Each structure stands twice: as C-alpha cells, then as structure tokens.
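The listed protein sequences correspond, in order, to chains D and A.
Just so you know, the numbering used here puts 67 at position 67 of the first sequence, and the rest follows in order with no gaps.
Just so you know, the numbering used here puts 167 at position 167 of the second sequence, and the rest follows in order with no gaps.
One or more of the hints may lead you astray.
Copies of the same chain look alike in the list, so a pair counts if it fits in one copy or across any two.
[Said to hold, decoys possible] Keeping only pairs whose Cα atoms sit at most 35 Å apart, straight-line, the calculated DSBU-like set for lysine-lysine is: (1) K484 x K529; (2) K140 x K196; (3) K59 x K135; (4) K395 x K34; (5) K346 x K82; (6) K197 x K3; (7) K153 x K257; (8) K70 x K367; (9) K257 x K3; (10) K529 x K395; (11) K265 x K59; (12) K368 x K53.
Derived by calculation from the structure, the hints in this document are not laboratory data.
Note that this is a predicted model, so its numbers are computed, not measured.
2 protein chains.
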Amino acid sequence: MAKRIEFYDTTLRDGTQAEYFTLSVEDKLRVAQKLDELGIDYIEGGWPGSNPKDARFFKEVRDLNFKHAKLAAFGSTHHPRKNPEDDPNLQALIEARTPVITIFGKSWDIHVKEALKTTLERNLEIIEASVAYLKPHCEKLFYDAEHFFDGFKADKDYACETLKRAQAAGADVLVLCDTNGGTLPHEIVEIIKEVKKRLGKGVSLGIHAHNDSECAVANSLMAVLEGVIQVQGTINGFGERCGNANLCSLIPNLVLKMGYEAQSKNYLHRLTEVSRYVCEVANIPHPSYLPYVGHSAFAHKGGVHVSAVMRHPRTYEHIEPELVGNVRRILVSDLSGRSNILYKAKEFGIRLEPDDPMLANIVAEVKKLESEGYQFEAAEASLELLMYRLIGEPKQYFELLGYRVLDMKSTEDGLPLVEATVMIRVPPGVGVIEHTAASGNGPVNALDNAIRKAIGRFYPQLKEMALADYKVRVLPGKPGTAAKVRVLIFSRDNHEVWGTVGVSHDVIEASCRALVDSINYKLFKDRHKNKEG
Amino acid sequence: MAKRIEFYDTTLRDGTQAEYFTLSVEDKLRVAQKLDELGIDYIEGGWPGSNPKDARFFKEVRDLNFKHAKLAAFGSTHHPRKNPEDDPNLQALIEARTPVITIFGKSWDIHVKEALKTTLERNLEIIEASVAYLKPHCEKLFYDAEHFFDGFKADKDYACETLKRAQAAGADVLVLCDTNGGTLPHEIVEIIKEVKKRLGKGVSLGIHAHNDSECAVANSLMAVLEGVIQVQGTINGFGERCGNANLCSLIPNLVLKMGYEAQSKNYLHRLTEVSRYVCEVANIPHPSYLPYVGHSAFAHKGGVHVSAVMRHPRTYEHIEPELVGNVRRILVSDLSGRSNILYKAKEFGIRLEPDDPMLANIVAEVKKLESEGYQFEAAEASLELLMYRLIGEPKQYFELLGYRVLDMKSTEDGLPLVEATVMIRVPPGVGVIEHTAASGNGPVNALDNAIRKAIGRFYPQLKEMALADYKVRVLPGKPGTAAKVRVLIFSRDNHEVWGTVGVSHDVIEASCRALVDSINYKLFKDRHKNKEG
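Excised from the complex, chain D in its bound form:
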C-alpha cells in the first residue's frame, strides 16, 4: 500500500495570527475555494468561539461546495471550571456544523498551572471530556497537543498522558504541535520515536510545526518519515511570529520528491497561483525568494552558468518549474552580460544576434540605467520598450509635451483639489496637439485621467486598462526627500499584467515615466502581440 499523507491547512486561522496578515470573511471564503482547488484535505476555517468574524465565516461557508476539502472548526478544550455542556467554546464548535472539529489542549505542565490556572489532573479530565463530548458531533475529531515538544522535554510522562486521554476519548489524529517553534529536527525524530513506543505503533499522529528555528518544513518531513500521517501548515508559511510550516514547500517535497500519495498530487500545477492569490488577497507582496513558488525560485543570475542552464535546465534546477505552476527566468542584472540580453531579446521576439554591434550598446545602456536606479527585473515592459528604442524602433504612440499638476488643500477637513493639465501630440512630431485637464483623487490619478482624456479618442482600448499596483521606493544616495525615487507600476487589462518603471527625484515625474511606458506598452502589445488570458 502506497504511503499516503494528508495536508491540513490553517492559513485562515493560524495564518491570520501573522503580523501584517489579515483576512476579511469574504477573503477567507475566496481563499478557502482556492485551497479546495489545490486538493487540500482539511481547511481549518477559524475559531468560532473567539470572535464574531469567524462565527460568520462558518455560516457563510455553507453556501460553498467543496470538491475535495473537508472543513474544520478550531477551538480549545473546555474551561476547567465548567462542564462540556455549559462551555460556550464547545457549543460554538458544534454550531459551526463542520465535518471536522479540531481542539487544542495543554501538554506542558507549566502552562496548565500558569496559563490555565488548574491542576495537572483536571487538565487531563478536560481533554478527555472535551474530545468525548464533541466526537459524536463530527465525522473526525483531531486533537492538537499544544506546546507538545516543550511539554515532553519538561515531563514526558505527563505530555504522553495528555495524548493517551485524547486517544482514549476517540480522537482520530493526535497532532503534535511545536507551538514555540524551538524544536530542532533531530529532537523531533527522538521524541516522535518515543511517543510511538508509549502510545503504540498504530497511533495516528500529525505534526504542526512553527518556523522560529527555520526548521518547520524539515521538522515536518522528519516527522513524516517517523510515520506521521497528517501535516499541518499554511500557504507561504504565514503564521504567528516567524510563521507556520509552509505547505507550498511541504507538498512538493513530499509528493514530488519523497513519493507520497496525496489528494493534492493532481493539482500541484496550481501551487504558484494559489500562493500568489493568498498574498494578493492579504495585500502582502509575494515574497520573491519563496521556494518552489517564488518569483526568484527558478531565476538564474550570473552570466557564467546562464548559457549552461539554457542548454540543460535539469542540471541547475531541482525540479521542473512547470510542475508547480512556476516558470524559469533569466535575469538581466549587472552581473549579466550578453547572454542574458540575448535571452531577453529572444523572449521579446526581437531579432538580435550574438555578433550584432547593437548588443554592446544595449548592455551598456541597461547597466547605465541600473546604476541610476532603474530596475528592470519587475518592469519587463519598460525593458522591452527600451530595447525597441535602442534598436531604432521606438514604440511611442503619443508625445507628452508637458504636464502641470496642482494639488491644494485649504482646511483640515477639506478634500484636496487635484488637477493635472497635459499637452500631448498624437502621433508624435506631426499630429494634433491635445491640451486638456482632468482632476483626480491624487496627482498620479489626475495625470492618468488627463492623459487618457487627451488620447482616449485615438485609442479607445485604453478603457480596458487599469492600474493594478503602484510601488515607490526611495533609492540610496541623498538622504530623505532629496533622494531619488523609483516608481514601479503594474498595469492590467483583460489578458495580462505588466510592469513599468520610472526614476526621478520627483515622485510625480517618476510616476509619469512609468505611466507613459505602461500606456505605450498596452498600445504596442495590442498591435503586435496575441496574448490570450
């Protein structure tokens, strides 16, 4: 029988305890659907007893039909000075009406005394009573042994007794949680071996690791090798402090490399998309260095081996990026040289031979702009426009002769008045001069509105285009507001998202440059490219 693993996602509960990471109820519903599409086995939706947002989630989620995942509600063992029947936490779990209930209990003697403020024996009772009480109300009952590894190190008999009580009361899986994240891989192995000895080889164990020692993924893998059948984690490893075990690393490690069967196996190609989706919904930049799913995960820099990668990718990549929905990238940077520019030209469909005299010019110009603060790694549309300009084929669909932005605010509570005036000639050099003004919510919005107003009648397709993200970074050099700023704009239409960049001391001028590039790129690709969404 093939070894099988089940993945339990707690992005919506433990994940939301991460700093900077918050999800509304609507966000959680959307993310839950994505997790289902990834084939996740269990989705922990929240802690219904802890706040009204979570309780509302469990109501509204009943309108969704999961194809693969089972929903879990999370909560605590009952209050030591109550009975299960009177405990509002347990009642909230039952009212959530989920197929799975997960409750956590104390495993560490000092927590029982100091945090729960009760006796060691009473804690064992409430674990047993809570599990027994909830079991008839769900298909599966998982027991999370909180702070298990620290508890085991403090008193192994007591920690194992808490597990035995949960097991005796009917818990389907006993999940060992490294709540403080301080346990190291070799300790995980020793402790799980001991737990299996004491609880019997047939015991069903799970692992819930935290990343405070940067070993959460490894700890989970080592636990699986010791026979653990359920792995808990979050998308992108979001979670309290340094995060939870990262499912986006765990699933490919276990399924692609260690040969485990899992429900997610057939949906692994969606991994990168789900990873990016969660960041987008939470409005957090997608961390570029993330293993498997990061923008940099298969990005090759350094002219030396780029040519080798292009010939034999398998010798420089541990897996094929497509298996997890990611792509190989060759970076243009100041460590790069002709190889990288040639690769980019090919990608853009620009014919550039290795012996072309223009090649040296292009490389030199890219390096010069980079030293001024331009960064093309995220702004490939600007790079493509630049390359066309340097080979003598600029894509300039309008000529911005000048602009003026006025931003005024006259009282504490009044709205600012923002007006942009532009003078544009279409087409460049010979056409009509459009001179118009527009207002906006802010200077960049006003400029965007004014430009569209001026050229919209020539280029109606601009209506399909919207600004997706806008980033400003102060560049090193002169300190403070006298420094240069780099503006990165991501634009989207119905088919794709593209990035453009502008650099200046003046954030409006930098934004204007990135804006002009973004519009020119849209008009260029509509004429020449055929990218279906």
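Following the hints, put chain A in place on chain D, whose structure we already have.
Showing chain A alone in chain D's frame:
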C-alpha cells in the same frame, strides 16, 4: 574537548547572486566589517577572477584590520585546456593575497561533460592540480565540491573520487555543496555518513546548502551532527534563487541550542543589528518574519495569550530575544483588544488603567483607522500621538491651515519645477500665520522644505531631523490610481528612528499627514523624552 564549529560567510559572493541584492565595493567593505564584529570565522569576499568590482574589493580591503575573521577569495579550478600557471583565474586568486583561498570544482559527471566540456579523468586532474598549486599561497585552502549531493546520487564513486583528489592535494576542508538546493535532510545524513566511511573518519568536512526545498538550515544542522566542522551560509539567507543557508538562524541554533563553541558566541547580541544592516546597505526591506532577527520574530498577536506572555515570557518564546539583540513586541491589531492597548500605553508612558472609560474609545478608534487603511505596527510614533490626542492631550506644535503643491514639466528633457506653498499658524489657534513657499526635488520634498521654512525659526531642532525612508502602498478596494494609498515615513535624528503614517486617495495628502506627524513627534520627544543614542 568541546565540539566547535566554524562559520563561513559568503554574503559578499554567493549572496550577491540573489535577485534584487546588489552591493557596491564600498557596501562590501562595510558589510565585511560588520561580519567581523559578529565574530564570523571566514568572510568570502568575492570572485576576483570574475569581474573588476571583486578584484578592486580585494585591493581596498587590505586597509581594513579584521579582529576575528579571515578573508577568503573564491574561484574555480583551472580551465581544462590550461595549466595552473597559465590560468588567469588561479592567478587572480593568488593576487588577491588572502589568508584563505576557496576553489570550487565539479563533482557531477554530467556537469563535467556538458558544462566543463571535458573528460571525467581530466576533471580529477584539474582539481588535484589546482589545489596543489594554490596551497603554498595561502594559510588555508578550502575545496567546494559543487553539486556534490546530486553528483553523489548520480555516481557515488566519482563524486567521492573528486573529494579524494582535493584531499590528497592538501585541501584543509572539503565543503559539500548542495548547489541546486534539492537535497532533503534525511538524504544529507545518509550521504555524509557514506562520505565519511569512504574518506576516513578524520576527514574535515564543510556544508554549503541552498534553500530551494526550504531545508538549508536543517540540512546544515544535520550535517553538523554527522561531524561537519564548517558551515557556509549568508546573512538573512540571501543567495541565488531561494537563497543560501541563513547564518542568522544557524548561529543561534548551533550555539544557543546545540551547545557548540564558536568564535561568534560572544557577539551573538549583535546578530539582529548585522542582519538589519545588510538589508539597509542593499536597500532591501528587512523581512519581518525572519527567525531570531525579524521584526516579527518575538511579536505576539492575539489578545488571548498576550497576558500570559507578559507574565511568563519563557513559556511562549523559544529563546530570550535579547540574546540575539532582538526585542519582544506586543502587537496592536484587530485581533487585539484592551491588553494590547494597555501594553502600548505603558510603553509610551501614558497612564491608562484597565477600567478607564477612555480605553474602549481608544480601542474603537484604532480599529476604525485600521479599517480605513492605517497601519500602526510600523508607525508607532503616529500611534503614540493618536493616543495622546484621544486622552485629550494632543501634541500639535503647529497648525497647517493649507498647502498648495505645483509640479510642472514642459519638455522631455527639462527638469520638473516643483513648488509648495504652505500657510501655518504657530502655535495652533492663536499664533502668527506664516505663509511661505519652497521648491524641492519633488512634491513631498517641496512640502517638507516649505513646512520647515515656515516653522524653523520657532523650532531650530528640526535641523537635526531627516527623512530616512518613505514607502507607499496602494490599499485594496478601488482599483488603480483611484485607490487609497498608505504612506509610511521613517524619520531620524541623532538619537533614533521613528515611523509615522498617513492615508489618503492623494499621495501628497497622505505624505503630508505622515510628515506632520513626524515633525510633531520630533518636537514632542525633544520636550519630554530623554532618549540617548
């Protein structure tokens, strides 16, 4: 004899192959000094044969006197079609005149044939010849066995033979490199056990892991348990693709938890500072979730256990944050409640009792502002000013009656003209009205200049204050340039850095709010606080 480990830092070489991570020669010199202050054993300064920047580094570094670290120069084995004496790479290594030389050679048969384009036997020869040639020119010669684990899996005899040749020629340490980052911890253990069997127990081994499977730190720890004596990594794990093994996790794991002796042991309290310094120099935001050194690493969220943490920190933290130069933080967020606000008030020195009727108001106002896009986690100065305002003690040292910003550009190549006009009353309500204008490099700089011009004669200490960083983030909600933006400003004077925030549809208005807060905070703390740098 106590077990001892040596740390080898390759931030300046392998680290700089990370996307978005570039260091100038001056940057590298500064970082090298910081690494020395951390007690790092070896600092790999670069690859002198690969580019002029690195060669220049090795010249200029001779002016520095390292107290603890030994400098290493990195390079490749000699070209198969040359001799050691004619090989420019090896010559460059000798000219670097470093106490340590590290060379890398091919361990994987397919790389020998496809990348090096030579025979398996010739590869063994060049390894042996390169090591033997360089050994007399340095105190220590380290041999990096590139792609070792993949090479071992393909042909264990050949991979081990490459090591034997380096060992025979006099290499002091044989460093096993997981160059593709695809090896998992249990495989590391099996392979190193086998290598020790074949090369003899006395062999000195090192480990150089990459993070493509999110196991670089764990792989290094497991390697040390198998007897490896040198661990290679980078600060914050910067490196190609998903990065190198993170020294900021490795050093505390090995020294604080696993009891290894190391030169860094006495300087561990500098870890967070060095970690932040490297990000600052590279102009990359310091990743908040980094274990040990991240801003979130000891940040507690979630009202439930915050009270427990405040009473017994050791039960919720795997180490004391001060050991690595970090601090515990209690977060204000929408999961928080009264506990967190009380904690913050105490931190700010504001007297607020748990039964104070103002407490509910403050909590409600913070939550309302957060739902509008304000984020106080990075802008504690704004939070402090807000709390004073809500308890009836606003700190408002000037009244901004109105502003007007004009930003004009009239030709492609002309500089933009930026002018800000402000009307300010000092002190608020009763004082003189200052009405003045200033220009600037951009709208925010012009506003800053105008405000300072207006109130500078009342508050000369503003000269000490400068803007350190400026971040703009588009908030979810309305798409594109009609969305709200959140501006975060970090300001500094001779003593500290503080963060303030402003939210608006208009980036100038948002910047203005953050600017006004930053100036009020400076004036407030000068009057009331005594913070020595």
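Comparing the hints with the structure gives:
no.	hint	in the structure
1	K484 x K529	both (34 Å within a copy, 33 Å between copies)
2	K140 x K196	within (21 Å within a copy, 47 Å between copies)
3	K59 x K135	within (21 Å within a copy, 71 Å between copies)
4	K395 x K34	neither (39 Å within a copy, 47 Å between copies)
5	K346 x K82	between (70 Å within a copy, 34 Å between copies)
6	K197 x K3	both (21 Å within a copy, 31 Å between copies)
7	K153 x K257	both (32 Å within a copy, 14 Å between copies)
8	K70 x K367	between (52 Å within a copy, 33 Å between copies)
9	K257 x K3	both (13 Å within a copy, 33 Å between copies)
10	K529 x K395	within (13 Å within a copy, 57 Å between copies)
11	K265 x K59	within (30 Å within a copy, 53 Å between copies)
12	K368 x K53	between (52 Å within a copy, 15 Å between copies)
In terms of the numbered hints stated before, the structure departs from hint 4 and from no other.
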